[in-house]
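Input sequences plus hints: build the corresponding full structure.
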Amino acid sequence: MATGVQQQSVAARGARRRRKVNWTPYLFILPHLILFIVFLGYPFFSGLYISLFQYDILRPAASRFVGLGNYANLFTPGTPQYQTFWNGLINTIEFVVYSVPPLVVIPLLLALLLNTRMRGVNLFRAIYFAPWALSGAVVALLWWWIFQSQGGLINYYLADLGMRPPRWLNTLPWAWVTIVVATVWWTLGFNMVIILAALQDIPDYLYEASAIDGATGIQAFFRITLPMLRPVMIFIITTSIIASFNLFIQPFIMTNGGPAQAGGGGGTESVMMRIYNEGFVRNLQGSAAAMSFVVASIMIAISYINFRVFGKRD
Amino acid sequence: MGQMVDQFNEEHPNIQVTMTSQGEYYTQLSTAAASNTLPDVAIVHVDQVATQAFRNIIQPIDDLVGQIGVSAGDFPEPVWAGGEVNGKRYSIPLDIHPLTMFYNADLFQTAGISNPPTNRQEFEQAAQQLTSGDNNGFMITAGFPVAQIFATLLHQNGGSWFNEDGTKAAWNSPEGVEALQWMQQAQQNYSQPNLEVDAELNAFKGGTVGMVWNGIWQTTNLTGEGVDFAGQTAAVPQIFDQPAVWAGSHQFTRPVQQNADPCRDAAVAIFIRYMLDNSVTWARAGQVPASNAVRQSIVSGGAGGAGASASAAAGGAGASASAAAGDDASGGLLPSAALAQSVETAVFPPSVPGITDAFAPLDEAISAVMSGSATDIQAALNDAASRADQILAENQQNFGTAPQQ
Numbered sequence: 001m002a003t004g005v006q007q008q009s010v011a012a013r014g015a016r017r018r019r020k021v022n023w024t025p026y027l028f029i030l031p032h033l034i035l036f037i038v039f040l041g042y043p044f045f046s047g048l049y050i051s052l053f054q055y056d057i058l059r060p061a062a063s064r065f066v067g068l069g070n071y072a073n074l075f076t077p078g079t080p081q082y083q084t085f086w087n088g089l090i091n092t093i094e095f096v097v098y099s100v101p102p103l104v105v106i107p108l109l110l111a112l113l114l115n116t117r118m119r120g121v122n123l124f125r126a127i128y129f130a131p132w133a134l135s136g137a138v139v140a141l142l143w144w145w146i147f148q149s150q151g152g153l154i155n156y157y158l159a160d161l162g163m164r165p166p167r168w169l170n171t172l173p174w175a176w177v178t179i180v181v182a183t184v185w186w187t188l189g190f191n192m193v194i195i196l197a198a199l200q201d202i203p204d205y206l207y208e209a210s211a212i213d214g215a216t217g218i219q220a221f222f223r224i225t226l227p228m229l230r231p232v233m234i235f236i237i238t239t240s241i242i243a244s245f246n247l248f249i250q251p252f253i254m255t256n257g258g259p260a261q262a263g264g265g266g267g268t269e270s271v272m273m274r275i276y277n278e279g280f281v282r283n284l285q286g287s288a289a290a291m292s293f294v295v296a297s298i299m300i301a302i303s304y305i306n307f308r309v310f311g312k313r314d
Numbered sequence: 001m002g003q004m005v006d007q008f009n010e011e012h013p014n015i016q017v018t019m020t021s022q023g024e025y026y027t028q029l030s031t032a033a034a035s036n037t038l039p040d041v042a043i044v045h046v047d048q049v050a051t052q053a054f055r056n057i058i059q060p061i062d063d064l065v066g067q068i069g070v071s072a073g074d075f076p077e078p079v080w081a082g083g084e085v086n087g088k089r090y091s092i093p094l095d096i097h098p099l100t101m102f103y104n105a106d107l108f109q110t111a112g113i114s115n116p117p118t119n120r121q122e123f124e125q126a127a128q129q130l131t132s133g134d135n136n137g138f139m140i141t142a143g144f145p146v147a148q149i150f151a152t153l154l155h156q157n158g159g160s161w162f163n164e165d166g167t168k169a170a171w172n173s174p175e176g177v178e179a180l181q182w183m184q185q186a187q188q189n190y191s192q193p194n195l196e197v198d199a200e201l202n203a204f205k206g207g208t209v210g211m212v213w214n215g216i217w218q219t220t221n222l223t224g225e226g227v228d229f230a231g232q233t234a235a236v237p238q239i240f241d242q243p244a245v246w247a248g249s250h251q252f253t254r255p256v257q258q259n260a261d262p263c264r265d266a267a268v269a270i271f272i273r274y275m276l277d278n279s280v281t282w283a284r285a286g287q288v289p290a291s292n293a294v295r296q297s298i299v300s301g302g303a304g305g306a307g308a309s310a311s312a313a314a315g316g317a318g319a320s321a322s323a324a325a326g327d328d329a330s331g332g333l334l335p336s337a338a339l340a341q342s343v344e345t346a347v348f349p350p351s352v353p354g355i356t357d358a359f360a361p362l363d364e365a366i367s368a369v370m371s372g373s374a375t376d377i378q379a380a381l382n383d384a385a386s387r388a389d390q391i392l393a394e395n396q397q398n399f400g401t402a403p404q405q
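So the sequence lines, in the order shown, correspond to chains U and A.
First residue of the first sequence: 1, per our numbering; consecutive thereafter.
First residue of the second sequence: 1, per our numbering; consecutive thereafter.
These are calculated hints, taken from the structure and not from any lab test.
Among the hints, a few may not be true.
Unchecked claim - In silico SDA-like links for lysine to any residue, alpha-carbon gap of 25 Å or less:
| no. | chain 1 | residue 1 | chain 2 | residue 2 |
| --- | --- | --- | --- | --- |
| 1 | A | K88 | U | A62 |
| 2 | A | K88 | U | P60 |
| 3 | A | K168 | U | N122 |
| 4 | A | K88 | A | D165 |
| 5 | A | K88 | A | Q341 |
| 6 | A | K168 | U | G78 |
Quick look at the structure:
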């Protein structure tokens with residue numbers, strides 16, 4: 001500020017130009033900003049708005065303001081929404097717990113293996129990454145066929161070995177096993193590639209120095225590799241949690257949310273399936289929007305905790 | 001359906017119809033309605049007619065009924081009633097697709113069973129006889145279509161899904177409990193526990209299963225060239241006191257249009273009439289025509305068909321014969337006479353908007369019982385009924401008493 005005043009007295013013309021807002025950076029972010037407003041900003045506020053109504057997009061005249069009624073339904077035992085929503089949410093959290101550790105550990109191990117100078121390393125990288133290019137529906141169908149009980153690949157071979165395999169898709173906890181296996185196979189490539197890139201950024205001299213000091217490979221991994229990977233691992237853990245929270249297509253196709261539970265809802269029905277059902281099958285779009293906001297708040301809270309816990313150790 | 005539309009286009013140069021089929025159909029209809037791109041004609045399932053009417057997706061077609069030239073007498077009463085909402089007609093039935101029994105006639109022959117069972121005693125005897133070693137006499141899953149099987153048995157036993165006006169669930173009656181008990185017993189005696197959806201079809205195709213009950217739309221999958229044994233269709237046996245069978249029905253509707261156009265209305269009428277008259281083609285894809293006249297022509301028509309229907313009436317002996325007879329030159333599979341007749345006892349849910357929502361708790365309860373996670377049948381059905389009642393009340397309050405813009 002002081003320099004600005006000084007310069008103003010020296011050259012008024014230059015100062016006038018300086019006081020003008022520099023639009024260039026805004027122009028650069030404008031395309032993204034427009035997309036953000038159209039596809040995220042506006043839907044966010046519009047969703048918040050309709051979550052206060054009993055709302056069906058095709059029956060605007062029948063819209064009715066219910067205040068926080070849609071939210072209250074989710075927290076009042078005995079409403080049609082209560083049991084199925086919390087069942088779905090708890091299932092989803094269960095899936096996050098089951099899926100995130102393998103989604104972090106397996107890609108890390110693969111990345112370490114593929115960060116060597118062995119022959120055909122690019123081929124292996126491509127092979128592990130390839131499933132990520134498939135659509136979720138294809139992956140789910142593929143694994144459904146492998147796990148199904150009548151002539152499915154796994155049960156066929158297990159029966160050949162004289163074992164009595166479980167009904168993978170229709171009993172717990174096996175249905176979760178199938179969904180976690182399908183998910184890990186499908187998405188580990190993405191995490192692997194990111195970790196691989198980070199591994200290649202760790203300078204060689206750190207390892208050379210540790211070797212001179214007599215560190216073993218395992219010591220080097222825990223004292224150099226992991227700490228250097230920390231920012232990337234936080235990113236991976238956070239994005240994996242968010243991705244797992246959005247579980248939808250795998251149970252939608254593989255188990256259709258089953259096996260059914262006595263009290264209502266399915267054993268593998270995710271909260272996203274419940275929201276889809278509420279909004280597009282039952283056409284209670286206000287209530288579905290309210291569910292989305294409750295889930296989003298939980299996701300934001302978890303992401304925040306995650307950054308606080310892992311991010312603050314320096 | 002595509003074949004029928006092509007033929008229609010060929011015969012009507014001044015009316016051209018483009019057919020599209022969609023997954024997640026009702027979501028697609030909703031989005032089409034939101035963007036004003038609804039088609040001129042749409043097929044809607046009978047249990048969705050009221051919902052789609054209340055959601056302003058389809059419009060009343062009382063004026064078109066005369067142009068199409070159909071009336072109540074042309075169809076079985078329940079399927080015609082399913083197209084009426086609040087005293088207005090919204091849809092014209094094309095087909096009725098009942099729960100159907102598929103059986104492996106080769107296994108039947110080996111076991112010395114000559115006819116598909118038609119009642120409880122015959123069914124249980126046959127299923128028992130066919131269950132040995134790796135073979136299952138009857139296979140039932142813990143998912144789809146157990147709700148359809150339950151509906152069939154519930155109504156055969158004199159029960160009902162809902163009360164008269166569709167405001168309360170009624171499946172937790174003694175009749176319902178008995179029906180579900182029978183299913184559980186059948187699973188224990190003849191089937192395997194905890195089978196996932198479609199497991200019974202895959203096993204049947206593997207040739208180790210005597211009988212399965214599934215939708216008639218599985219005909220091409222489970223009979224004829226779909227299997228390498230003699231797969232046959234028959235009506236689901238009557239286990240309890242009354243004939244009844246779960247069925248769905250595809251119905252023609254006129255979606256809401258932005259601009260009224262009598263010319264298009266007339267074209268739609270001609271199209272629907274043509275489709276009804278030519279629904280024999282549709283029948284070959286494994287659907288029973290809803291039109292009485294067309295259905296009669298299947299039952300009595302074809303080479304030796306008349307004899308087959310007579311013997312079917314005499315105790316089901318002709319059911320397999322007529323299925324073979326119905327397998328006519330054009331390569332399709334017409335339903336057997338007994339099966340075609342069974343649709344006259346088809347049951348449909350009441351014409352109430354959002355009625356399918358109320359089935360969700362029932363589906364869950366039945367699946368929970370069949371997969372063993374619920375053991376008290378009465379409690380499971382009671383719980384499902386009370387949750388369905390809440391959903392019905394919520395729907396009533398959501399949809400109101402009449403469709404509104």
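Evaluation of the provided hints:
1. K88/A <-> A62/U: Roughly 20 Å between the alpha carbons, so the hint for K88/A and A62/U holds.
2. K88/A <-> P60/U: holds, 22 Å
3. K168/A <-> N122/U: violated, 63 Å
4. K88/A <-> D165/A: Roughly 16 Å between the alpha carbons, so the hint for K88/A and D165/A holds.
5. K88/A <-> Q341/A: violated, 28 Å
6. K168/A <-> G78/U: holds, 17 Å
Checked against the numbered hints given earlier, the structure breaks hints 3 and 5 and satisfies all the rest.
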